[in-house]
Amino acid sequence: MILYDDPATENLRIEEIADYLSSKLPRLEVEVRPGFFQHHLGGLAPSERERAIDLLAREIASCRVRNPFRPIWGVDFEPLYGEVEFERRGVENPSRKPFGIIYD
Numbered sequence: 004m005i006l007y008d009d010p011a012t013e014n015l016r017i018e019e020i021a022d023y024l025s026s027k028l029p030r031l032e033v034e035v036r037p038g039f040f041q042h043h044l045g046g047l048a049p050s051e052r053e054r055a056i057d058l059l060a061r062e063i064a065s066c067r068v069r070n071p072f073r074p075i076w077g078v079d080f081e082p083l084y085g086e087v088e089f090e091r092r093g094v095e096n097p098s099r100k101p102f103g104i105i106y107d
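Last residue of the sequence shown? That's 107 in the working numbering, and every number before it is there in order.
Do not take every clue at face value.
[To be verified] What follows is a set of in silico ranges between Cβ atoms, one per label pair, in the way DEER data are often shown:
1. 95 x 29: 36 to 44 Å
2. 106 x 17: 20 to 28 Å
3. 57 x 107: 15 to 23 Å
4. 65 x 39: 14 to 22 Å
5. 23 x 107: 29 to 37 Å
6. 57 x 102: 22 to 30 Å
7. 85 x 19: 34 to 42 Å
Calculated from the structure, these hints are not laboratory results.
We treat Cβ as the ideally placed atom computed from N, Cα and C, and that holds for glycine.
Given only the sequences and the hints, what does the whole structure look like? Please build it.
Given below as C-alpha cells:
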C-alpha cells in the first residue's frame, strides 16, 4: 500500500497511519511517499514536467461539479481558462487548500 503525504493537511500524521496499518496487517507492505504530485512530477525533465502539469490541470478542472443540483451525466465540459490556471497553481503548490470546490 502506498500512502502519500499531504502538505495541505496539517494534522495528517502519515507515519502514524502507516505504523498502525503495518501493525494490524503485518503482511501488508506500506510505503510512505511525499505528496502525490511532488512524487510523480519530481523526476521529470522541465519541459516534460510543464506538459504533465498542463495536462493534469486541464483534467482536474474538467472534473469540477458546476451545479450539484443539476447533474449532467455523460456531458464533458470544456474547462474555462481561469479554472485550468487555478488547478495549475494547485498542482505546482499543493500546500494551497481550495475551499468550496466539488469534484466528480
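These are the hints, each one checked on the structure:
1. 95 x 29: 36 to 44 Å: holds, 38 Å
2. 106 x 17: 20 to 28 Å: Roughly 22 Å apart at Cβ, these two residues keep to the hinted range, so it holds.
3. 57 x 107: 15 to 23 Å: holds, 21 Å
4. 65 x 39: 14 to 22 Å: Since the Cβ atoms of residue 65 and residue 39 sit about 18 Å apart, the hinted range of 14 to 22 Å holds.
5. 23 x 107: 29 to 37 Å: holds, 31 Å
6. 57 x 102: 22 to 30 Å: holds, 24 Å
7. 85 x 19: 34 to 42 Å: holds, 38 Å
The structure is consistent with each of the numbered hints, conforming to all of them.
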